[in-house]
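Engineer: In the order they appear, the protein sequences are chains A and B.
Residue numbers for the first sequence follow this note's numbering, so the first one is 203 and each next one is one higher.
Residue numbers for the second sequence follow this note's numbering, so the first one is 203 and each next one is one higher.
Hints are supplied without guarantee of correctness; some may be wrong.
Because identical chains cannot be distinguished in the list, a pair is counted as satisfied if it fits within a single copy or across any two copies.
Claimed, not checked - With a straight-line cut-off of 16 Å between C-alpha atoms, the simulated EDC-like cross-links for lysine to aspartate or glutamate are:
1. Lys443 / Glu465
2. Lys443 / Glu319
3. Lys286 / Glu298
4. Lys416 / Glu263
5. Lys416 / Asp370
6. Lys341 / Glu352
Quick caveat, the hints were computed from the structure, so don't treat them as lab data.
Note that this is a predicted model, so its numbers are computed, not measured.
The chain contents come next:
Protein chains: 2
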Amino acid sequence: MAPRIGVFDSGFGGLTVLRELKTSMPEADYLYFGDTAHLPYGAKSVRTVAKYAIASARFLESRGIELLVVACNTATALALDEIKSAVRIPVIGVVEPGAERAASKSKARRAAVIATEATVSSHAYSRALEKLGLEVTEKACPLFVPLVEEGWVEHPVTENVAHIYMDDIFGNGATHPDVLLLGCTHYPLIRPLLRRVVPQHIEIVDSAESTATKVVGQLGSQSDAGLPGQLRCYATDSTDKFRRLGEKFLGCPINNIELVDIES
Amino acid sequence: MAPRIGVFDSGFGGLTVLRELKTSMPEADYLYFGDTAHLPYGAKSVRTVAKYAIASARFLESRGIELLVVACNTATALALDEIKSAVRIPVIGVVEPGAERAASKSKARRAAVIATEATVSSHAYSRALEKLGLEVTEKACPLFVPLVEEGWVEHPVTENVAHIYMDDIFGNGATHPDVLLLGCTHYPLIRPLLRRVVPQHIEIVDSAESTATKVVGQLGSQSDAGLPGQLRCYATDSTDKFRRLGEKFLGCPINNIELVDIES
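Take the sequences, apply the hints, and build the full model.
Structural biologist: Here it is in structure tokens:
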């Protein structure tokens with residue numbers, strides 16, 4: 203029988219992770235939860251992010267998922283242990299797979315991580331990368347999410363902002379990371395732009411693909427002879443907006459969205 | 203006895219309104235509520251904004267305020283009537299005072315309004331200005347809030363973004379507004395920058411001063427011989443962050459901040 207996988211994010215960004223999961227395991231059924239009434243998590247505190255993430259995780263657990271992917275860097279960085287304690291199913295976050303991927307690509311053993319303010323403040327990526335023997339430079343890029351949501355993924359302003367942020371990392375000749383890890387699920391949408399801005403010898407990696415690989419490893423290899431699975435989405439704010447923005451992130455139509463309230 | 207006035211906003215922006223209120227009525231006691239766990243409201247739906255705004259208004263009412271100022275354009279635009287129905291005290295929003303100020307300044311009887319996506323979609327400013335006999339051009343400027351929160355209030359990127367947004371309004375020779383109304387409490391912080399970008403004959407106005415005037419009118423003239431009143435702040439997310447960012451908006455130290463939870 204096809205597995206039933208829950209994917210949780212503060213909004214739409216986690217759909218970039220879901221896209222990779224669907225490629226790796228098309229036969230699975232997916233339940234995607236976007237906590238759009240409380241987004242963005244990126245500038246909020248540990249206490250607040252943990253509260254929302256746990257409520258969302260319990261909602262998905264109550265819908266019968268057998269594994270939960272926390273496809274939100276901020277929620278993973280701030281609250282993965284709390285989420286794991288709050289549910290009885292296995293939980294996979296995006297920080298460790300992302301760090302492992304960066305480590306596998308870095309010859310210099312030095313990585314740069316860009317993420318939201320909250321993810322950077324948590325130093326979750328630093329800890330994960332240092333455990334793998336890498337030196338780390340972290341940089342918060344709080345304008346990238348609103349620029350992506352404005353639809354300016356190929357825009358001179360975004361390129362200008364990217365130059366300012368990237369100069370902070372790579373303009374300093376003293377450190378020489380050779381890998382740039384995208385520590386926020388919105389950032390893959392500006393990957394082509396970042397490719398132009400970042401020095402050519404720097405490899406750009408994100409967590410989506412390596413997270414999908416980890417999920418496949420955890421669930422064991424499935425028969426891929428079956429029919430493609432179902433996708434059901436839950437949002438805590440406007441389902442219309444979820445559909446409109448979500449389809450950009452997922453790259454295909456979303457038909458099945460339900461409005462839910464996790465506060466009552 | 204000094205009045206006890208409640209001021210509500212999704213975050214810090216409403217402190218620009220509080221600043222005007224303190225200038226107009228320094229002897230009043232102020233209770234400021236920043237719903238920072240749910241900010242920003244600007245891209246959320248009517249249902250969600252109304253729910254948070256009502257919970258916040260009831261919290262302030264329970265603390266004994268005699269008048270509530272909704273110092274958040276989005277909450278006023280989307281949910282002023284719902285807030286009024288939910289509490290027993292008088293409620294003043296920022297949209298009407300802002301529209302009245304714009305109308306008093308416009309000779310051409312044409313105003314442009316810039317605001318968040320949700321405020322623009324509600325057309326609350328259009329309705330208020332049209333009632334006063336003005337033609338209206340509305341424009342959502344979703345990047346201004348994150349740019350202000352990044353601290354880039356005098357920055358080439360913000361100026362570039364402002365040119366792009368303002369060209370959409372004033373680049374079209376067919377319409378000639380002579381007033382620009384700042385329909386978001388974050389925008390007064392980039393008013394000097396907007397002054398450079400917007401054609402010189404355009405008058406820039408915001409709601410803060412006219413809202414303060416309306417509050418004074420409603421409460422009647424107070425003795426100003428008394429001592430300055432107290433300020434007490436409530437936030438639904440990190441009080442440290444509230445203090446740090448809030449002091450920029452208020453322009454003076456904030457000592458008295460309490461973390462509250464309006465969801466339980």
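Engineer: Among all the numbered hints in the text so far, which are the ones the structure does not match?
Structural biologist: Hints 1, 4 and 5 contradicted; others consistent.
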